[in-house]
Amino acid sequence: MEKYLKKITQNGRVLYLAYDHGLEHGPRDFNETTLDPNYILDLALKGRTTGIILQGGLAQEYYYKSKYQSRLPLILKINGKTNLYQTKNPYSAVTYDILDAKKIGASAIGYTLYLGSAFEAKMMEEFSRLRFKAHQLNMAAILWVYPRGEFIADETSEEVTAYAGRVGLELGADMIKIKYCGSENGFRKAVKAAGKTKVVLSGGPKTESEDFLATVKSVMKAGAIGAAVGRNIWQSKEPEKALLAIREIIFGNL
Amino acid sequence: MEKYLKKITQNGRVLYLAYDHGLEHGPRDFNETTLDPNYILDLALKGRTTGIILQGGLAQEYYYKSKYQSRLPLILKINGKTNLYQTKNPYSAVTYDILDAKKIGASAIGYTLYLGSAFEAKMMEEFSRLRFKAHQLNMAAILWVYPRGEFIADETSEEVTAYAGRVGLELGADMIKIKYCGSENGFRKAVKAAGKTKVVLSGGPKTESEDFLATVKSVMKAGAIGAAVGRNIWQSKEPEKALLAIREIIFGNL
Amino acid sequence: MEKYLKKITQNGRVLYLAYDHGLEHGPRDFNETTLDPNYILDLALKGRTTGIILQGGLAQEYYYKSKYQSRLPLILKINGKTNLYQTKNPYSAVTYDILDAKKIGASAIGYTLYLGSAFEAKMMEEFSRLRFKAHQLNMAAILWVYPRGEFIADETSEEVTAYAGRVGLELGADMIKIKYCGSENGFRKAVKAAGKTKVVLSGGPKTESEDFLATVKSVMKAGAIGAAVGRNIWQSKEPEKALLAIREIIFGNL
Amino acid sequence: MEKYLKKITQNGRVLYLAYDHGLEHGPRDFNETTLDPNYILDLALKGRTTGIILQGGLAQEYYYKSKYQSRLPLILKINGKTNLYQTKNPYSAVTYDILDAKKIGASAIGYTLYLGSAFEAKMMEEFSRLRFKAHQLNMAAILWVYPRGEFIADETSEEVTAYAGRVGLELGADMIKIKYCGSENGFRKAVKAAGKTKVVLSGGPKTESEDFLATVKSVMKAGAIGAAVGRNIWQSKEPEKALLAIREIIFGNL
Amino acid sequence: MEKYLKKITQNGRVLYLAYDHGLEHGPRDFNETTLDPNYILDLALKGRTTGIILQGGLAQEYYYKSKYQSRLPLILKINGKTNLYQTKNPYSAVTYDILDAKKIGASAIGYTLYLGSAFEAKMMEEFSRLRFKAHQLNMAAILWVYPRGEFIADETSEEVTAYAGRVGLELGADMIKIKYCGSENGFRKAVKAAGKTKVVLSGGPKTESEDFLATVKSVMKAGAIGAAVGRNIWQSKEPEKALLAIREIIFGNL
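Chains as they are written, first to last, in the working numbering: chain A, 52 to 305; chain B, 52 to 305; chain C, 52 to 305; chain D, 52 to 305; chain E, 52 to 305.
What the hints contain is simulated information worked out from the structure, not anything from laboratory work.
Treat each hint with caution, since some may be false.
No copy labels: a pair is met if it fits in one copy or bridges any two.
Stated by the list, open to error - Think about it this way: if two alpha-carbon atoms lie no more than 25 Å apart in a straight line, the pair counts; the simulated SDA-like pairs of lysine to any residue are:
hint, residue 1, residue 2
1, Lys154, Leu56
2, Lys132, Arg282
3, Lys243, Ile155
4, Lys139, Arg199
5, Lys257, Pro141
6, Lys97, Asp87
7, Lys230, Glu201
8, Lys272, Asn82
9, Lys97, Met271
10, Lys97, Lys247
11, Lys154, His186
12, Lys184, Asp148
13, Lys139, Lys230
14, Lys154, Lys247
15, Lys173, Thr138
16, Lys116, Arg180
17, Lys243, Leu96
18, Lys153, Tyr55
19, Lys272, Asn89
20, Lys268, Asn62
21, Lys116, Leu188
For reference, chain A alone in the conformation it holds in the complex (with noise of 0.2 Å):
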């Protein structure tokens, strides 16, 4: 797995600017600034992040040629689907062809896979083949691990988290995305559980600043090397701001 994460790492450590929600919710999470992606980009970088997340379409109008491509690594969302369609057992389309992908300078994929949904099984193979051609085209292959469906009360227990951890180990990921359990010796089990498999906290909707900052370092001290993190950045007041004070905590004097 190290190999792979060369080039979306720093000391080991990660902070990601995600930006795939135009997708998953519409563009109801942006204001007029934050729906420009070329705002965002900057902000990536103002922040001083390792990474960016961004559909296909949107990296190669945005990201692939421009000034941002040698300066920020590019984690391309490879699975997405909207929220207009409800349902229990939740299942992500497959939006970018992986050679081109590679092509317009991704780094990594990243690929949803809904645990506990009846369409599991169907994700599982698909991230199998991805991960594959990512590797073999020098592509980390990070999954976004969500437990979601029809029998899965809490999906931010802590056992349900500590078996997403899990999970992203024995698939083979070389980094899981998962959300906060709610107690920082939880997200130790998970962590651990998820042995190699490098752990980052998926940030996701708009909380208290202070309450997030807290987040993080719970999850740092239980073992996670960063976050990804999106609506808690530009939908606060100081994005850059906010994004530096994660990086304190993330990296402090690394």
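Based on the hints, put chains B, C, D and E in the right spot on chain A.
Structure of chains B, C, D and E alone, referenced to chain A:
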């Protein structure tokens, strides 16, 4: 995106005549005159449109190697369905081979994505594949983004229209064709959400001429680059005049 | 289209003998005489038809390398189903390899599309693929367009028949085989809707001879180029005479 | 068809010993003796059968490179299912690679088609593909045509049996294995419907010896070329004698 | 079969340590010690097992190029599922590429087949394909045959266990891993039904040590060649001792 749009734009603006209704609705949309593809192709020329939208079978018989081929760009509608099967979760089948689309002179392909349908994922994956092939063949990939599904209460609400716009960008469409949401301001949001993806108005069923012209004015002010029209044209009393009136709005003195 | 139709038309007209009922309905449509494919092939010759319609297995055993091969064009029916599974949304399975269809002497393939079935999309996509392969192999692609599905109240209404005609053109069929809608005028609409796609009457179950001849006259006046007949012929007392009577109507003194 | 049947017929007649029950019904059909494939292979030789019917795994371990390979033709049953999942619409899975079937010495493949099942189309398409590959590899393609589905009231009625016979011909099977419909006359209709496709009786569960011999006589008079037997043999007290008695009926003094 | 089993048997006997529970059940089966793959690999060596069973991702990170690779054969479990989606008709997804399984040092692949599930056919077809590829790559193909489905009342009845054994042989598995049916005599029937396919006991959940040792003795007497153990080992107080005790039963003074 720009490079793929050269053949199907004029000064960055477009006016397309759509004529794929035979598959989507059957011939009931036509009268004896408009049933004839040659009449429509002729009208597209006389009305100074910037492209004609046809299903593959029809394009092959009436456009390919005809006098129109060199004078009128072809947007080949590469998927479709009839209205004979009723469902809240529509799917649109691929009807033509993309290599043959190129062979018979298409400058772009058009693909309908029913956003929010239970088959959204399947259509997203198909568009992803067709878009790449289209670009390899130097054809533009245009997405008809139509929100339609069992959980979509209002298919032309501002929110859902903006979502449609954003999905076009996230999926890397060169251009999208979307419906009017009822207000200039709402449409502007969709155009902004679409970013570098060009936005074209989808004409829809016949309305009063003045009403439709007002809609075209509104979307142009909102940032659209033109319109794809059909029933509003051939179901009007003076189709050529109707086209030219719309062209005047879109192109002005360009 | 013209070039693919040379082998299966005479002076632009056709009279086909269809004999794929063994798969569609079982042998109950046959008596001891008509059960024998050789009898039918002989009848097709004597009745001066312009082609025989057979499923692949039967064509291979009775037509390929027989005396009929050089004297009677073969339209190989490339999909089919039994009537043993009852459903409002039928699907017809591909039963023969298209390369082998060419090898055993087919001049055309025939494909049934149940328009309005829940499986309409799947059949449209299959026809699209088979049509291209057929053309590459210099075979015509004939579409049996049969509206049938849970939302179709009247499978032979004028409106639905015209829709069937148009779909043949939109999908690029060289020829379509459709059912009579009960009036010459209605059928004319379907023929016009089909444009350059040639229209052939689908014979259907046995009717009174005079009635059927009247139907053939009606569709010829309406612009059809001929008929595909089956049960009306072999279930009649004098099959050869019956064929020649129909031929007289279709070809007149051509 | 003839050329593919050379290896698996003797003077145009057949007597096969079927032994695929282990997959279809589990070992409950066997006793300690008949559980052993070597016993059965030996029995097939001693009983002077013209072929043995085995699933691929069993053929590979007990037939391939054994003393039986040169003395007993192999019909490799290439699909199958257990009886542990109950459904009115059965489907039979492909269990062996057809290239390997050739490699381990198969002279024919056997494929079960559940006519009238909701999965009829899928099985028809699979048989179509396997039949072509079998012929390319110079193996015969035998179809077990078993009417079974939620709308089939009587799986062995004369009508449905004749339908089964005809489907074998229409789909191009070299030989079919069908069940007895209860009367010689009815079976004759099925044989006639099958035309050039050879018809073989499917033995079915154990019956009284005399009754079964009468059935074999009946189908031979009706035009069948032999029988495939199983439980009627190994579940009898004197299996070898039982085989030879059936052979006497089928081959007489040939 | 023999030739594929050389690397994963010793004197024809086996004792495997299974450690794929992280995917199947989540980390709740582990404590802090057993959560660590290195601990388990070490234990497998110390306990003198003849192979370790791992999912691909875990094998790649902890086994491939490790000190264990040359000392401990790897059985790569190539499919799996979580327990987060509940269904009476389970399906197990392919999680790793078989070429990569070979590359990272697997001597065999393990595949779970839920016999009697509505997805039985899909899994049978997948196993068939994987088995052939495995043999081409000189790896053994081991089938976990687990009867499970909506119509299976008792998953470990003698009858169903014997059926599982036979299916392993019919499908050509080199070895099967099945559960204990409660009696030596019943297990003997399964072993006999499996013929040349080797039978290994599937350990199951933690039981009293003495009970489990008695079960191992029973299956060895019944003709099994060994056992695959997991929870009975690492959940015991003295895992290494527990392994050696089982080894003593299986290998005796071999």
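A quick look at each hint next to the structure:
1. Within a single copy, Lys154 and Leu56 get their C-alpha atoms as close as 18 Å, and across copies as close as 21 Å, so both meet the 25 Å cut-off.
2. Only within a single protomer do Lys132 and Arg282 lie at most 25 Å apart by alpha-carbon distance; the minimum there is 18 Å, versus 32 Å between protomers.
3. Within a single copy, Lys243 and Ile155 get their C-alpha atoms only as close as 34 Å, which misses the 25 Å cut-off; across copies the closest is 24 Å, which meets it.
4. In the homo-oligomer, the alpha carbons of Lys139 and Arg199 lie at most 25 Å apart both inside one protomer (7 Å) and across protomers (19 Å), since each shortest distance falls under that limit.
5. With identical chains, the CA atoms of Lys257 and Pro141 are at most 25 Å apart within one copy only, with a shortest distance of 23 Å there and 34 Å across copies.
6. Taking CA atoms no more than 25 Å apart as the test, Lys97 paired with Asp87 passes inside one copy only; the shortest distance there is 16 Å, against 39 Å between copies.
7. For the homomeric pair Lys230 and Glu201, the shortest alpha-carbon distance inside one copy (18 Å) is at most 25 Å, but the shortest distance between copies (30 Å) is not.
8. In this homomeric assembly, Lys272 and Asn82 come within 25 Å of each other (Cα to Cα) only across copies, at 20 Å, whereas the closest approach inside a single copy is 34 Å.
9. Within a single copy, Lys97 and Met271 get their C-alpha atoms as close as 22 Å, which meets the 25 Å cut-off; across copies the closest is 35 Å, which misses it.
10. Taking the shortest alpha-carbon separations for Lys97 and Lys247, only the inter-copy value of 23 Å comes in at or below 25 Å, while the best intra-copy value is 31 Å.
11. In this homomeric assembly, Lys154 and His186 come within 25 Å of each other (Cα to Cα) both inside a single copy, at 14 Å, and across copies, at 14 Å.
12. With identical chains, the CA atoms of Lys184 and Asp148 are at most 25 Å apart both within one copy (11 Å) and between copies (10 Å).
13. Taking the closest pair of Cα atoms, Lys139 and Lys230 come within 25 Å of each other only inside a single copy of the chain (18 Å); across copies the shortest separation is 29 Å, beyond that limit.
14. Taking identical chains as interchangeable, the C-alpha atoms of Lys154 and Lys247 lie at most 25 Å apart only when they sit on different chains, with a minimum of 20 Å there against 28 Å within one chain.
15. Taking the closest pair of Cα atoms, Lys173 and Thr138 come within 25 Å of each other both inside a single copy (16 Å) and across two copies (16 Å).
16. Taking identical chains as interchangeable, the C-alpha atoms of Lys116 and Arg180 lie at most 25 Å apart only when they sit on different chains, with a minimum of 22 Å there against 28 Å within one chain.
17. In this assembly of identical chains, Lys243 and Leu96 lie within 25 Å of each other by CA distance solely across copies; the values are 23 Å between and 32 Å within a copy.
18. Taking the closest pair of Cα atoms, Lys153 and Tyr55 come within 25 Å of each other both inside a single copy (13 Å) and across two copies (21 Å).
19. For a Cα distance limit of 25 Å, the shortest separation of Lys272 from Asn89 across copies, 23 Å, qualifies, whereas the shortest one inside one copy, 33 Å, does not.
20. In this assembly of identical chains, Lys268 and Asn62 lie within 25 Å of each other by CA distance solely inside one copy; the values are 17 Å within and 54 Å between copies.
21. Taking identical chains as interchangeable, the C-alpha atoms of Lys116 and Leu188 lie at most 25 Å apart whether they share a chain (19 Å) or sit on different chains (21 Å).
In summary, the structure agrees with every hint in the numbered list given earlier.
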